[in-house]
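Take these sequences, add in the hints, and give me the full structure.
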Amino acid sequence: MPTGRWGFNYKNMAIDKFIKLQSPAVPLPIENVDTDQIIPARFLKAVERKGFGDNLFRDWRYTSGNTPNPSFVMNKPQYSGTILVGGKNFGSGSSREHAAWAIYDAGFKVVVSSFFADIFKGNALNNGLLPVQVSPEYLEEIFSTIEKKPKSTFTVDLEKQTFTNDVTGNSIEFEITDYKKICLLNGYDDIDYLVAMKEQIEEFETPPAP
Amino acid sequence: MTAKTLFDKIWDAHVVKEVEGGPNVLYIDRHFIHEVTSPVAFLGLKNRGLKVFRPDQTTATPDHNVPTENQHLSIVDEMSRNQVEMLRRNCEEHGITHYGLGNDGHGVVHIIGPEQGLTQPGMTIVCGDSHTSTHGAFGAVAFGIGTSEVEMVLASQCIMQPKPKKMLITVNGDLKPNVTAKDIVLYIIAKISTSGGTGHFIEFAGTAFEQLSMEGRMTVCNMSIECGARGGLIAPDEKTIEYVKGRQFAPKGEDWDKAVAYWKTLKTDEGAEFDMAYNFDAADIEPMITYGTNPGMGIKISEKIPTSEGLTGNDKVSFQKSLQYMGFSEGEAIAGKPIDYVFLGSCTNGRIEDFRSFAQYVKGKKKADNVVVWLVPGSVAVEKQIREEGLVEILEAAGFELRQPGCSACLAMNPDKVPAGKYSVSTTNRNFEGRQGPGARTLLASPLVAAACAVTGVVSLP
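Those protein sequences? They're chains A and B, same order as listed.
Under numbering that gives the first Met the number 0, the first residue of the first sequence is numbered 0, with each subsequent residue one higher.
Under numbering that gives the first Met the number 0, the first residue of the second sequence is numbered 0, with each subsequent residue one higher.
Among the clues, some could well be false.
What the hints assert, rightly or not - In silico DSSO-like pairs for lysine-lysine, Cα to Cα no more than 30 Å straight-line:
#  : chain 1 : residue 1 : chain 2 : residue 2
1  : A       : Lys197    : B       : Lys303
2  : B       : Lys315    : A       : Lys148
3  : A       : Lys180    : B       : Lys162
4  : B       : Lys299    : A       : Lys87
5  : B       : Lys162    : A       : Lys108
6  : A       : Lys180    : B       : Lys164
7  : B       : Lys16     : A       : Lys197
8  : A       : Lys44     : B       : Lys45
9  : A       : Lys87     : B       : Lys303
10 : A       : Lys159    : B       : Lys162
11 : A       : Lys87     : B       : Lys164
12 : A       : Lys159    : B       : Lys16
13 : A       : Lys148    : A       : Lys159
14 : B       : Lys263    : B       : Lys16
15 : B       : Lys416    : A       : Lys49
16 : A       : Lys49     : A       : Lys19
17 : B       : Lys320    : A       : Lys148
18 : B       : Lys162    : A       : Lys197
In case anyone wonders, no lab produced these hints; they're calculated from the structure.
Laid out in structure tokens, this is it:
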């Protein structure tokens, strides 16, 4: 059983490894995309993590008659890929982790925006979905690259912490904590880490007698 | 000794370990759970062969899915019934206190916590629900977490979190008549926007907050996350201590004295530094209402809906899309707009003072014919108090009906949904597209404003 940097054993890898990918991207140039749009509340009733991908952006993707809405980007055949690009303040609203699950289960591995809501960012990182924060100008360039050529690809290298627009050649470095980077690169999970710390937690709970 | 903020004092006291190049391992004093964000967490524990580490520090209640009438009958919606039942079963299996339907302690999770004395100053409190920030009103570090984090806390009573930055929002001065805690927080979010607080934990300070009751402070902290903040808190004072005293889970005897002595130290030190600060004058605040599709799109009821002048690019597109969804036009007055539904309730404004405020306003008046009104107490205890104080008679005489506790129309996960295209004045915390039902048009407001609208049938000043 592999032992990681912090010296604990992994019973099962809860999340997939993320190292590097190159893919076209699906553009969603809408700002303030909130978690109610990403996954409406009526889909939070599941007791297992299943079917969330189908309900991603449900009320934008489908009309009230349950037919696909042809004007929504995910229904346009020219757009595909494992990268989702959103307008600023992506993921605002509720703490529902189901939002990150929906995006991941729909096949995306990376979300790009110029600004992420905190709780969503944390939920994404805990689930192997990499949030990449870029400058507003760089984001505009991504959108315009995709608009000109929908099949344009982008390369995301977690080791180097770089995001590259393969068409313009412009590359940026994105931020990620050292800890989360190692977790994603190896498919590690926070819970294994905490459970291995049990003794230290018990010590914290009962400080030594004066 | 360096000067510390209240947030620093509480956070630092709970750090078990600082991970090299990573987050803090933060110990959690109190974990609240409900039926929506816990099932997958319990399943995760089962798959790992783990038990709940500290069941006695965990409290559960079903609130999002429950119907607000006929709670003695089986829940009709199968998936809702299933989730509620899962919670009960999981709690039974792990020995967790569960305030289910029919139990005296049942209610909306962020209402029963303080009621029971489970929420106390200086604590770290989490729940798989973003409005956990409510408990910050007691001078606690309280915030919402995702399902994986719920699993983390169940497994280890700890969570891994990077320490947020600190923001100070000061409001001094006296509130004008009819201006309530809800108006203060809607005013603040309109000023700093729904992303203005991102990355920060807010401390609310100043005489405007000191003047508020504990329930008012809970309303403010409840919505601190609507400006993007991780959470919000207000330093504990005599009001806080009085509120907690004698409640079921409040410390007693010698423990009480020790606790109070500690709570009195919970203040920001003179000279402590914040990463960002805002200052507002209470005199500038008037009764507010939202007109758009995020909680920051709010105006004074006396004002007109803004125009898109000065907005460019995506900001302008978003603004116009929002108005289109709401069926409003730029520059028009909001007062006088006809409405269809009024909802009084939720973790934001579902407490006894909110019901007193509503009842006092409608006393001797009549509900407007064209409005459907849902009055939903935040808990069984609040419902009992409404009855004991004779408020039900006042409400019924005016043509209103009281329902049973639950999250109700806040978020369309139970039968209380606002139909597409209908306008609802709601004392809740979010007005996103489809929040109260697909196509529903939500206007956020205080209980007092909701009462005025319920009587006139249009957006009105109280």
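Each hint, compared with the structure:
| no. | hint | verdict |
| --- | --- | --- |
| 1 | A:Lys197 x B:Lys303 | violated (57 Å) |
| 2 | B:Lys315 x A:Lys148 | holds (25 Å) |
| 3 | A:Lys180 x B:Lys162 | holds (18 Å) |
| 4 | B:Lys299 x A:Lys87 | holds (27 Å) |
| 5 | B:Lys162 x A:Lys108 | holds (26 Å) |
| 6 | A:Lys180 x B:Lys164 | holds (21 Å) |
| 7 | B:Lys16 x A:Lys197 | holds (12 Å) |
| 8 | A:Lys44 x B:Lys45 | holds (20 Å) |
| 9 | A:Lys87 x B:Lys303 | holds (27 Å) |
| 10 | A:Lys159 x B:Lys162 | holds (25 Å) |
| 11 | A:Lys87 x B:Lys164 | holds (20 Å) |
| 12 | A:Lys159 x B:Lys16 | holds (28 Å) |
| 13 | A:Lys148 x A:Lys159 | holds (26 Å) |
| 14 | B:Lys263 x B:Lys16 | holds (27 Å) |
| 15 | B:Lys416 x A:Lys49 | holds (25 Å) |
| 16 | A:Lys49 x A:Lys19 | holds (26 Å) |
| 17 | B:Lys320 x A:Lys148 | holds (26 Å) |
| 18 | B:Lys162 x A:Lys197 | holds (22 Å) |
Violated hint for the displayed structure: number 1, the only one.
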